[in-house]
Amino acid sequence: MKKFLSLVLALVMTMSLVTVSAGAKDFSDDDSITYQEAVDVISEIGVVDGYTGGDFKPTDVLTRGAAAKIICNLILGPTTASALSASSAPFKDVPVSNTFAGYITYCAQEKIINGYSDGTFRPTATLSGNAFMKMLLGALGYDGDVEGYTGPNWSVAVIKQAAGIGLDDGNDEFVGSKAVTREEAALYAFNMLQATMVEYDAKTSVDINGATVTIAGDKAKEIENTSRTDGYIDDDNKMQFAERYFTDLRLTTDTTDDFGRPANTWRFKGVEVGTFAKTADATYTADVKLGQIYSDLGMSDKDEAAPVFVDGVEASESAKVSKGNDLKVSELKFTNSPAANCNVGNGTLVEAYLDEDTNDVTIVAINTYVAEVNKVVAKTNSKDAYITLSELAAENGATSGLRANDEFETTGFENDQIVLFTYANNEIQSVKAAESAEGTLTRKVSGKSINLGETKYDFSKMYSVDGGESSLGIDSEYVVYLDANGYAIYVEETEYNIADYAYLRALQGSSVAFASDKAALITYDGKMKTVDTKEDYTNDFAGYGSELQIGNANSEIVLVKETSNGEYRLKDLDTKNPSIAKAEDSFELRNGVARINLTATGVAGHGTQGTDYIYADSKTVFVVGTYDSGARENWKDATYRAYTGINNAPTIVDDNDSSPATNAIGMSYYCRNNGVATIVYLSVDEADYKVTGGNNDVIFFAFESGSKKIEDSDNEYYTYNAVVDGKIVEGVKVDASVKINNRTSNGSFSSNVVFTGADYDDGVITGLDSLSNSGTVTGINKVNNENVVLGYGNGSESTYVVADDAKIFFIDDDGTITEGAVSNIRRSDEDVVTYVLEDGQISYLFVQQYFEDNDQSSSGGRQELTSITGVSYRAPDLTLTLNGTNAGQNYKVTLKMIVAGVTTELGTYTVTGATGATSTTAVLSVGTLASIAASGGIYMVSCGGQNATFTA
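Residues in the sequence shown are numbered from -7 upward in steps of one, following our numbering.
Keep in mind the hints are simulated off the structure, nothing from the lab. Note that this is a predicted model, so its numbers are computed, not measured. There may be inaccurate statements among the hints.
[Said to hold, decoys possible] Pairwise CB distance ranges (calculated):
{"no.": "1", "residue 1": "489", "residue 2": "941", "range": "29 to 39 angstroms"}
{"no.": "2", "residue 1": "557", "residue 2": "599", "range": "17 to 27 angstroms"}
{"no.": "3", "residue 1": "419", "residue 2": "328", "range": "48 to 58 angstroms"}
[Claimed, not checked] With a straight-line cut-off of 20 angstroms between C-alpha atoms, the simulated SDA-like cross-links for lysine to any residue are:
{"no.": "4", "residue 1": "553", "residue 2": "619"}
{"no.": "5", "residue 1": "563", "residue 2": "598"}
{"no.": "6", "residue 1": "103", "residue 2": "166"}
{"no.": "7", "residue 1": "701", "residue 2": "683"}
{"no.": "8", "residue 1": "682", "residue 2": "762"}
{"no.": "9", "residue 1": "574", "residue 2": "620"}
{"no.": "10", "residue 1": "521", "residue 2": "758"}
{"no.": "11", "residue 1": "170", "residue 2": "160"}
{"no.": "12", "residue 1": "774", "residue 2": "802"}
{"no.": "13", "residue 1": "888", "residue 2": "942"}
Cβ coordinates follow ideal geometry from the N, Cα and C atoms, glycine included.
Throw the hints in and build the complete structure from the sequences for me.
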């Protein structure tokens, strides 16, 4: 060791020391670190550090070169060790340029490490636990020759010595032949800091037949510490490693953590690194008898008054830890006024600590609570990232004491995530994502357990159930969240699928006409559906002797689940059926306005939520049934439409005829949580109420991309390239029977068209509405990246502002759609442009581009084709006249065939504008064209945005 000290002194004298910042480091992978105390301390003093990415990588294996660096950091300190270098290669595979060359050289010179017989060191090879322990023992002063760390059985001597002084403490699964991981290296180095150093008396060695034998001074003795550093780690007059080499490090062993557990507190350079609970002598994950604790601690004498802490608060009654005592921890009084016992049960971590010197026992109980992440806040320049939690109420009424503004510094969590947390001393102590399982509830025992399928889950002491335990329904689907010990701590219904909701129109039991159990439904998407039910529900739903109108006092919105045999289960929900008055201004639903007013008081702008008004959001589904009593219709004749989101909902208000309604609006709704409607069913008489707008979705079809009619077992439809709500979608299906406000005869479009209000059935569009704030023109030019001219070159030009978030799309001759920007718009008087306006600005722009060989010269010449006339066909020639041509300009004429909604391009031909005339007649040789009139087909010629049809 004298040699160690001389080298250290030499290095320190030649360089200035650098101050290392204090404070425990937070690694991004802290949750995966097993030996947290060791890693925190060792990384804080700079012996083993993390990576530039902020992680520690605890399970990565340690290399031989990295191990040499750790030893040097321990002996010399990180600053001094970093100055080490090698003047020559210490081993033939360790050049002086190697990152670890200086460290390896130093350790080899001090005989802390050895190479291989072939002269190599193999710095990138992994290091076994035995080899690393040998290095640590060498740094503590143990002589490998004296202690027998050589020869074929060296590892036996190493492990015996290392275990004897506690270098492997904390790792009960130590296997010396396995490669050391980074966190194991940190643990063993941490233990070394607290280990006592040794030295030897003067040694005499003689050579006997070529072998060196030590004959004196062959026993290691602990080094005494009579300096001021004694007690920095252990007040025992012995020199612990850290008391010599890390004199800025302090250990206090008689402290407690926030839970009341006996703990170690580490400080470095006066700043606390952390307080870490000591290892318990007995551990339980449920309530336990005091006699059991006595037995498990191996006590021979009782402790009459052991303190008990629950979540960091000391109980008013101490525990008598004695042989055979059947009293449980949960039966001890926690408070006298009000009288309450200790909240301990399934899932509670109960730890018992025994001071063998005094026979004193300390019992600590730590409950795990469940919460939902309420807020996730990213890191800023002045504050680390943190989350806040919203505790989920336990069925037993117990709470952790969590406050709304309690913050926990961490990353990696999401809003609304279900988490486990512990709480003490008015602080969140830990947060961990909860694991979960899901399945069908097959059995429940109140306050005890539930079964999902065949798996039983016992409840945690602090278990919570969404909607209360009484709401749990057999055969319903649930998610159970588990604590670290496998106890069920939170149960909620499987994440809802809006498609599982329906309005129950009628029920029928097998005893009457249907001869089977059936339910008549209005589904979430406005479809009428009758299903076979798993059982006769007529006794479960009052008032369903006949079909019920939406809004009836007995009306029910139900959760519908299909079973494996094709039958359906019905589960009643907490349906609200407000009574809407017939008086003027008694109801108001407005597109884009979250508040839905249910009474005149609500319409007037005041009232009580839930009585006079409710709220909707972007996920609320509205199913609106409309009928017209003026046309002798009643609510049974209603036509239903579905809308998703308040921004797509229709506006429904009084018709302002100054007379009461003949039929009040019928309304049934359900709020899954937070007081916001999940689904709303409305029955509206259009003779009394005005229903306008709804479904602000924008759907554009590229007609050139249309397929032939497709038939399957369920539908007949065409497919198109389309833009749906700003996204390009290929293969959008449109039912062949769709009627679209007379703009097309069916789903086979004859031009590019834009719509709204799509109805879907099994992925096929079955209904569309025209978009009133849209239009189509020929010709476009951009003024700049904010303004465009529509109708360019066609005598009706208009300039529009393009909204900052406008969506711009381009369509080629084949119907292929690409997204672009205003800067991509070319000047053309032939491109056909469809636009959508919002607040007077262009929000969507669809440009059908035609690529004729135009001469758009800088002189401003324009090609203004006005019509195609005189089209006739006599094989093989097609005669036509282009009107509005310019002399010498080339025009591309496209010949197409349209059959059953499918457009096929047959060829393109060039026509040159006649000189001295504004019309050009051309004869095109197109070959023989088949007669397709009998099948409803036509031929079309297109040029410059103009079309003309003919038959062959």
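Results of checking the hints against the structure:
A hinted range of 29 to 39 angstroms for the beta carbons of residue 489 and residue 941 is inconsistent with their spacing of about 48 angstroms. In this structure the supplied range 17 to 27 angstroms is violated for residue 557 paired with residue 599, their Cβ-Cβ distance being about 48 angstroms. For residue 419 paired with residue 328, a C-beta distance near 26 angstroms fails the hint of 48 to 58 angstroms. Among the hinted pairs, residue 553 with residue 619 is inconsistent with the structure: their alpha-carbon atoms are about 30 angstroms apart, more than 20 angstroms.
Taken as a hint, the residue 563 and residue 598 pair is broken in the structure, with Cα atoms around 35 angstroms apart against an allowance of 20 angstroms. For a cut-off of 20 angstroms, the pair hint linking residue 103 to residue 166 is broken: about 25 angstroms separates their Cα positions. The suggested pairing of residue 701 with residue 683 is violated, with an alpha-carbon distance near 35 angstroms, which exceeds 20 angstroms. With a C-alpha separation of about 18 angstroms, the suggested pairing of residue 682 with residue 762 holds against the 20 angstroms cut-off.
A threshold of 20 angstroms between alpha carbons decides the hint, and for residue 574 with residue 620 the separation of about 16 angstroms falls inside it, so the pair holds. Straight-line distance between C-alpha atoms of residue 521 and residue 758 comes to about 16 angstroms, which keeps the hinted pair within the 20 angstroms bound. For the proposed pair residue 170 and residue 160, the alpha carbon gap of about 13 angstroms is at most 20 angstroms, so the pair holds. Among the hinted pairs, residue 774 with residue 802 is consistent with the structure: their alpha-carbon atoms are about 14 angstroms apart, no more than 20 angstroms.
Between residue 888 and residue 942, the direct Cα distance comes to roughly 10 angstroms. Compliance with the 20 angstroms bound is thereby established for this hinted pair.
When each numbered hint is compared with the structure, violations occur for hints 1, 2, 3, 4, 5, 6 and 7.
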